[in-house]
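Visitor: Take the sequences, apply the hints, and build the full model.
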Amino acid sequence: MAESTRREPVPQPSARIARHTPLVTPAPARWLTALTWFAPLFAMAAQAYFVSQSAPDRDMGHLQKIMYVHVPAAWSAFLAFFWVFAQSIRYLVTRNERADLQAASAAEVGAVFTGLTLALGSIWGRPTWGIWWTWDARLTSTAVLFLMFVGYLALRGLTDDPDRRARWSAVVGILGALNVPIVYMSVKWWRTLHQPQSSPGTLDPFYTLGLRTNAVAFSFLLILFIAHRYRTHVAQRVREMAQDAAALQRRRTT
Amino acid sequence: MTTPVQAGWRADATRVMAVCVKDLTAERRTKSNFNAIVAMAGMILLLFGFALGADTEGLRNAAAGVLWLTILFSGVLAFNRSYQIELESGALEQLLLYPGERWTIFIGKVLANLAFVLSMEAITLPLTGVLYHVSFPERWPEVLGVLLLGTVGFVTLGTLYAAMASRSRSREVLLPLLLFPMLVPLLLSATQATAALLGGDVMGDSRTWIRLLATFDVIFLVGATWAFPYVMEG
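For the record, the sequence lines run as chains A and B. Using my numbering, you'd call the opening residue of the first sequence number 630 and step up by one each time. Using my numbering, you'd call the opening residue of the second sequence number 1023 and step up by one each time.
You may find that some hints are simply not true.
Stated by the list, open to error - Pairwise CB distance ranges (calculated):
{"no.": "1", "chain 1": "B", "residue 1": "Ala1236", "chain 2": "A", "residue 2": "Asp789", "range": "32 to 40 Å"}
{"no.": "2", "chain 1": "B", "residue 1": "Arg1161", "chain 2": "A", "residue 2": "Ala684", "range": "56 to 64 Å"}
{"no.": "3", "chain 1": "B", "residue 1": "Thr1237", "chain 2": "A", "residue 2": "Ala684", "range": "43 to 51 Å"}
{"no.": "4", "chain 1": "A", "residue 1": "Thr665", "chain 2": "B", "residue 2": "Ala1029", "range": "50 to 58 Å"}
{"no.": "5", "chain 1": "A", "residue 1": "Gln878", "chain 2": "B", "residue 2": "Glu1255", "range": "23 to 31 Å"}
{"no.": "6", "chain 1": "A", "residue 1": "Gln878", "chain 2": "B", "residue 2": "Met1065", "range": "54 to 62 Å"}
{"no.": "7", "chain 1": "A", "residue 1": "Pro810", "chain 2": "B", "residue 2": "Gly1075", "range": "33 to 41 Å"}
{"no.": "8", "chain 1": "A", "residue 1": "Pro810", "chain 2": "B", "residue 2": "Pro1163", "range": "28 to 36 Å"}
{"no.": "9", "chain 1": "B", "residue 1": "Glu1255", "chain 2": "A", "residue 2": "Ala874", "range": "23 to 31 Å"}
{"no.": "10", "chain 1": "B", "residue 1": "Met1039", "chain 2": "A", "residue 2": "Arg881", "range": "42 to 50 Å"}
{"no.": "11", "chain 1": "B", "residue 1": "Ala1073", "chain 2": "A", "residue 2": "Ser848", "range": "41 to 49 Å"}
{"no.": "12", "chain 1": "B", "residue 1": "Thr1237", "chain 2": "A", "residue 2": "Gln878", "range": "52 to 60 Å"}
Unchecked claim - Here's a subset of chain A near chain B, in silico, CB distances under 7 Å, partners left out:
{"no.": "13", "residue": "Val773"}
{"no.": "14", "residue": "Leu776"}
{"no.": "15", "residue": "Ala783"}
{"no.": "16", "residue": "Thr788"}
{"no.": "17", "residue": "Val800"}
{"no.": "18", "residue": "Leu807"}
{"no.": "19", "residue": "Asn808"}
These aren't lab readings, by the way, just hints derived from the structure by calculation. Since the structure is predicted, the reported quantities are computational estimates derived from the model, not experimental observations. Quick reminder that beta carbons are idealized off the backbone N, C-alpha and C, glycines included.
Guide: Structural data, given as structure tokens:
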């Protein structure tokens, strides 16, 4: 598509959505280009520095360093799910399709980070606990969270009507988020193997610094991924609407 | 509202009952659906028995979990069906066009599905007792109460998610995929309470789980009734 035609507003299919400024394919944003360079470099630097510089743990030795990816991944997944929740509410209140596409992007990225958290946790668990998986509160609630994301994405993939898809996935996103604290609390009664979060009081300050730096780095990555997925989603929707409009036009003229 | 619609709780209750009776009548006239699902439940119970092996003590310990999984697996088949009847003849649109609040349709459908699943359980429960060597528990009223509480939460969420799943592609996969993760806390507290009660509950474990179960029911009922109009509009 030529640069000049790209940003033309396309006729909107539903009156609800038309109340808002029409969807347009987003122009290349300077901040996103900057973030595309910055986030991965920052994450790589933070990983390299803290993995190489932090002293081996008293009990776990060098194994402990998997913490610098495992915990930030979990942190990012929770942030992503929070974003799905917030954007789902925003969609139901404002009916702005942008909110729906934001939620969809966050859910995709969140599913990846949740899956990563589970995989990295397993890799950590095998040498320290001697098992890949255990029926522990933290593990099971994370697995349930992952399956909820998967269900959410399956619902989006299997619903064709965009208006319906947006409404339904907003409902599933909100109810799913409602369930997360319930899952977390309900399994608290179970005997738990997963350690509680280490507090800065018990942790070497250098570990804390490494963890926090990497959590920030992962958050930048999260924003980067969501922003890119969001742009792709918007572009796809604009193309779909253009195709619909063109088909309608053809039918009118013949 | 400008249309002369009857308002008040009495009118709402009439609408709820109308939807419920309509669904149950449709079910009663065919019966084939109910019979098939009960047969399915019986088969799941047998299959679990084969998978677990013929060790009496092991079967007895597994009974509560098996019972709940059987209810979940066979009950989930009923929910899509409750919208399928409407979709086939385009009756859903008409149902939505009737005056009155949308949530009354939801509650009506929940009640009809509840009657359906409870009658299924009336057969599944004694069957589980026989197949898994569970003797008649002393505190059977409480077991029935736990069964009722768990079923209310299950049916509430199932009816809501089926409203979406039944109208999208490959609904057979989508409904369990959406529903089961949401049911984890419910399944957990229901099985724990049932297991405690079947084992005599000397430690009084069941009380906490029953309270938790009731809390989930309230949260799910409120959440699903709130969400249903959003799911149904258009």
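Visitor: Each hint should be assessed against the structure and marked as holding or not.
Guide: Each hint, compared with the structure:
1. B:Ala1236 <-> A:Asp789: 32 to 40 Å: holds, 39 Å
2. B:Arg1161 <-> A:Ala684: 56 to 64 Å: Distance hint for Arg1161 of chain B, Ala684 of chain A holds at roughly 57 Å.
3. B:Thr1237 <-> A:Ala684: 43 to 51 Å: Since Thr1237 of chain B and Ala684 of chain A have Cβ atoms about 46 Å apart, the given range 43 to 51 Å holds.
4. A:Thr665 <-> B:Ala1029: 50 to 58 Å: Holds, at about 57 Å.
5. A:Gln878 <-> B:Glu1255: 23 to 31 Å: Holds - the Cβ-Cβ distance for Gln878 of chain A and Glu1255 of chain B, about 28 Å, lies within 23 to 31 Å.
6. A:Gln878 <-> B:Met1065: 54 to 62 Å: Since the Cβ atoms of Gln878 of chain A and Met1065 of chain B sit about 55 Å apart, the hinted range of 54 to 62 Å holds.
7. A:Pro810 <-> B:Gly1075: 33 to 41 Å: Hint holds: Cβ distance 38 Å, inside 33 to 41 Å.
8. A:Pro810 <-> B:Pro1163: 28 to 36 Å: Given a distance of about 32 Å, which is inside 28 to 36 Å, the answer is holds.
9. B:Glu1255 <-> A:Ala874: 23 to 31 Å: At 24 Å between Cβs, range holds.
10. B:Met1039 <-> A:Arg881: 42 to 50 Å: This hint holds: roughly 48 Å between Cβ atoms.
11. B:Ala1073 <-> A:Ser848: 41 to 49 Å: holds, 45 Å
12. B:Thr1237 <-> A:Gln878: 52 to 60 Å: holds, 55 Å
13. Val773: holds, 5 Å
14. Leu776: Since chain B brings a Cβ to about 4 Å from Leu776 of chain A, closer than 7 Å, the hint holds.
15. Ala783: Holds, because the Cβ-Cβ distance from Ala783 of chain A to chain B comes to roughly 5 Å (cut-off 7 Å).
16. Thr788: holds, 4 Å
17. Val800: holds, 5 Å
18. Leu807: holds, 6 Å
19. Asn808: Interface hint status for Asn808 of chain A: holds (5 Å vs cutoff 7 Å).
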